[in-house]
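*Asks:* If you read the sequences in order, they're chains A and B. Everything in the first sequence is counted per UniProt numbering, starting at 1 for the first residue and increasing by one. Everything in the second sequence is counted per UniProt numbering, starting at 1 for the first residue and increasing by one.
Calculated directly from the structure, the hints in this document are not laboratory data. Careful, some of the hints might be misleading.
[As the list claims (entries may be wrong)] Some chain A residues well away from chain B (every beta-carbon gap over 12 Å; in silico):
id: 1; residue: Ala8
id: 2; residue: Arg39
id: 3; residue: Arg78
id: 4; residue: Lys119
id: 5; residue: Arg174
id: 6; residue: Thr180
id: 7; residue: Gln193
id: 8; residue: Arg195
id: 9; residue: Glu200
id: 10; residue: Pro220
id: 11; residue: Arg227
id: 12; residue: Asp260
[Stated by the list, open to error] 27 Å max Cα-Cα, derived DSSO-like pairs, lysine-lysine:
id: 13; chain 1: A; residue 1: Lys38; chain 2: B; residue 2: Lys59
id: 14; chain 1: A; residue 1: Lys12; chain 2: A; residue 2: Lys80
id: 15; chain 1: B; residue 1: Lys14; chain 2: A; residue 2: Lys87
id: 16; chain 1: A; residue 1: Lys113; chain 2: B; residue 2: Lys59
id: 17; chain 1: A; residue 1: Lys80; chain 2: A; residue 2: Lys42
id: 18; chain 1: A; residue 1: Lys80; chain 2: B; residue 2: Lys59
id: 19; chain 1: A; residue 1: Lys119; chain 2: B; residue 2: Lys59
[What the hints assert, rightly or not] Computed spacing ranges between beta-carbons, pair by pair:
id: 20; chain 1: B; residue 1: Gln24; chain 2: A; residue 2: Arg39; range: 48 to 54 Å
id: 21; chain 1: A; residue 1: Ile210; chain 2: B; residue 2: Asp21; range: 38 to 44 Å
id: 22; chain 1: B; residue 1: Ser95; chain 2: A; residue 2: Ala169; range: 49 to 55 Å
id: 23; chain 1: B; residue 1: Val56; chain 2: A; residue 2: Ala169; range: 49 to 55 Å
id: 24; chain 1: B; residue 1: Tyr40; chain 2: A; residue 2: Asp102; range: 16 to 22 Å
id: 25; chain 1: A; residue 1: His85; chain 2: B; residue 2: Asp47; range: 24 to 30 Å
Fair warning: this is a prediction, and the values are worked out from it, not measured in the lab. Just so you know, even glycine gets a beta-carbon here, dropped at the ideal spot from N, CA and C.
Chain by chain, the residues:
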Amino acid sequence: MTQLKAKAPLGKVIVITSGKGGVGKTTSAAAIAAALAKRGHKTVVIDFDVGLRNLDMIMGCERRVVFDFINVIQGEARLKQALIHDKRVETLWILPTSQTRDKDALTEEGVEKVLNELKEQFDYIICDSPAGIERGAQLAMYFADEAVVVTNPEVSSVRDSDRVLGLLASKTKRAEEEGTEVEAHVLLTRHDQRRIDAGEMMTVEDVLEILAVPLLGVIPESTAILRASNVGMPVVLDEPSAASRSYEAAVSRLLGEEVDPRAEREKKPGLFSRLFGASA
Amino acid sequence: MSLFGFSLRPRLPKSAQTAKDRLQILLAHERRDGSDGPDYLPMLQSDILAVIRKYVQIKQEDVDIRMERNDDISSLEINIEIPSPEQEAPARLRSRAKG
Ligand SMILES: Nc1ncnc2c1ncn2[C@@H]1O[C@H](COP(=O)(O)OP(=O)(O)O)[C@@H](O)[C@H]1O
Ligand SMILES: [Mg+2]
Numbered sequence: 001m002t003q004l005k006a007k008a009p010l011g012k013v014i015v016i017t018s019g020k021g022g023v024g025k026t027t028s029a030a031a032i033a034a035a036l037a038k039r040g041h042k043t044v045v046i047d048f049d050v051g052l053r054n055l056d057m058i059m060g061c062e063r064r065v066v067f068d069f070i071n072v073i074q075g076e077a078r079l080k081q082a083l084i085h086d087k088r089v090e091t092l093w094i095l096p097t098s099q100t101r102d103k104d105a106l107t108e109e110g111v112e113k114v115l116n117e118l119k120e121q122f123d124y125i126i127c128d129s130p131a132g133i134e135r136g137a138q139l140a141m142y143f144a145d146e147a148v149v150v151t152n153p154e155v156s157s158v159r160d161s162d163r164v165l166g167l168l169a170s171k172t173k174r175a176e177e178e179g180t181e182v183e184a185h186v187l188l189t190r191h192d193q194r195r196i197d198a199g200e201m202m203t204v205e206d207v208l209e210i211l212a213v214p215l216l217g218v219i220p221e222s223t224a225i226l227r228a229s230n231v232g233m234p235v236v237l238d239e240p241s242a243a244s245r246s247y248e249a250a251v252s253r254l255l256g257e258e259v260d261p262r263a264e265r266e267k268k269p270g271l272f273s274r275l276f277g278a279s280a
Numbered sequence: 001m002s003l004f005g006f007s008l009r010p011r012l013p014k015s016a017q018t019a020k021d022r023l024q025i026l027l028a029h030e031r032r033d034g035s036d037g038p039d040y041l042p043m044l045q046s047d048i049l050a051v052i053r054k055y056v057q058i059k060q061e062d063v064d065i066r067m068e069r070n071d072d073i074s075s076l077e078i079n080i081e082i083p084s085p086e087q088e089a090p091a092r093l094r095s096r097a098k099g
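This is chain A alone, in the form it adopts within the complex:
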């Protein structure tokens, strides 16, 4: 125990962003946070979507919210009073947002202060961004070390992702003050092989060619996602599914591990190996 405490937490901030709404940011933030925590990393997932609180429902802790991110920023509550400890994974925490206030309640100083305090206690701080490219989304990405750009294989989503990649390269603390880059990855979600085979949907390769950012994973369109949200479970904590396996593989890559492409659902043999640059 003492040894565990002596080790300084990693304090890495990862934003889950996209520009476009409804592409799977909150689903992905919940799944990624839970998968990291399951592996023993002390993880917190923060809802930045002020006024449209949803992460609490996806995480299944909506009945336990007392204080939120905004209360902490405004000095009405301490961080430890607002953090909700997950009942299933010992190393997982949720910082819900306010349902009653608006985005103006988020201030750059406030967000920075909370993130700095979280960095002293957590290995991973996952920021679930609101849609859009306005204030809320910009603050969610501003202090990030890494970014997961959630994209659907569909024109408006890819276009918005490109826009967000531009912001990540210019409108972040790393870009503005430190001259370093936010490490960005694309997470392709709602991937539907049948529609790709029918020529109705862009392939993973098409999307990567356009965005030119490393691929973190491909999450299939799956009924398991709806089921998991119904019961308030991040999909990786729910019953096994292709979607859950894909999120686990994406998190392995996020941690810099080699992933055996066979671990993922693969209809066209060799496709994923080529895309992720692994030896075939």
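Position chain B with the ligands relative to chain A; hints supplied.
*Replies:* Frame of chain A; chain B with the ligands shown alone:
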């Protein structure tokens, strides 16, 4: 309950029923409190703090409020850590309110 082995409305699959139940509980609370209703918990906290401080010095984070919302009843659990006079392990004041 169904009379002839089937009901008029198709029975919701299990997870869909869970979703509906969760939403009904949550939305009942949200509608009652209203989106512009009083955000009373911070005020409750500072009132508790003020009352306790008339007698002992405690810090803001020594007040811990936990909530569990259920359909018929919600419980508010308030834990207050109070330094004991001999500077030993802090004493705890515990109170549960239901309503
Ligand atoms: N891989 C998937 N398969 C099927 N449905 C999905 C998938 N990912 C997300 N969804 C659904 O898409 C909708 C939007 O997801 P959400 O995570 O809330 O997106 P965002 O946070 O980007 O607005 C939800 O109804 C969710 O259940
Ligand atoms: Mg969302």
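*Asks:* Determine for every hint whether it applies to the structure shown.
*Replies:* Going down the list of hints, with the structure as the test:
Even its closest Cβ contact with chain B, about 22 Å, leaves A/Ala8 beyond 12 Å, as expected for a residue assigned away from the interface. Once the 12 Å rule is applied to beta carbons, A/Arg39 is consistent with being away from chain B; the minimum gap is 26 Å. The beta carbon of A/Arg78 is not kept farther than 12 Å from every beta carbon of chain B, the shortest such distance being approximately 4 Å. Distance to chain B confirms A/Lys119 as a non-interface residue, since its nearest Cβ pair spans about 19 Å, more than 12 Å.
Residue placement check: A/Arg174 keeps its beta carbon more than 12 Å from all beta carbons of chain B (closest about 31 Å). Its beta-carbon lying about 34 Å from the closest one in chain B, A/Thr180 satisfies the requirement of being farther than 12 Å from that chain. Under the 12 Å C-beta cut-off, the non-interface status given to A/Gln193 relative to chain B holds; the minimum distance is some 24 Å. With a least CB separation of 25 Å from chain B, A/Arg195 remains clear of the 12 Å interface cut-off, as annotated.
The Cβ of A/Glu200 sits about 28 Å from the closest Cβ of chain B, beyond the 12 Å cut-off, so the non-interface label holds. Every Cβ of chain B is farther than 12 Å from the Cβ of A/Pro220; the closest lies at roughly 19 Å, confirming the non-interface assignment. Distance check for A/Arg227 against chain B: the nearest CB is about 5 Å away, which does not clear 12 Å, and the non-interface claim fails. The beta carbon of A/Asp260 sits about 31 Å from the closest Cβ of chain B, which is more than 12 Å, so the claim that it is off the interface holds.
With a C-alpha separation of about 34 Å, the suggested pairing of A/Lys38 with B/Lys59 is violated against the 27 Å cut-off. Distance check on the hinted pair: A/Lys12 and A/Lys80 sit about 19 Å apart at the alpha-carbon level, within 27 Å; holds. As the CA atoms of B/Lys14 and A/Lys87 are separated by approximately 21 Å, the hinted pair is consistent with the 27 Å bound. A C-alpha spacing of about 19 Å is found between A/Lys113 and B/Lys59, which places the hinted pair at or below 27 Å, so the restraint holds.
Of the supplied pair hints, the one linking A/Lys80 and A/Lys42 holds, its CA atoms being roughly 15 Å apart against a limit of 27 Å. Proximity of A/Lys80 to B/Lys59 is assessed by CA-CA distance (about 13 Å); at most 27 Å being required, the pair is judged to hold. For the hint pairing A/Lys119 with B/Lys59, the CA-to-CA distance comes to about 23 Å; that is within 27 Å, so the pair holds. In this structure the hint that B/Gln24 and A/Arg39 lie 48 to 54 Å apart at CB is violated, the actual value being about 35 Å.
Our hint of 38 to 44 Å for A/Ile210 and B/Asp21 holds, since their Cβ atoms are close to 43 Å apart. In this structure, B/Ser95 and A/Ala169 meet the distance hint of 49 to 55 Å, their C-beta atoms being roughly 52 Å apart. In this structure the hint that B/Val56 and A/Ala169 lie 49 to 55 Å apart at CB holds, the actual value being about 53 Å. For the hinted restraint 16 to 22 Å between B/Tyr40 and A/Asp102, the CB-CB distance of approximately 19 Å keeps it satisfied.
The beta-carbon spacing between A/His85 and B/Asp47, approximately 26 Å, falls within the hinted interval of 24 to 30 Å.
The structure does not agree with the numbered hints 3, 11, 13, 20 stated previously, though it agrees with the rest.
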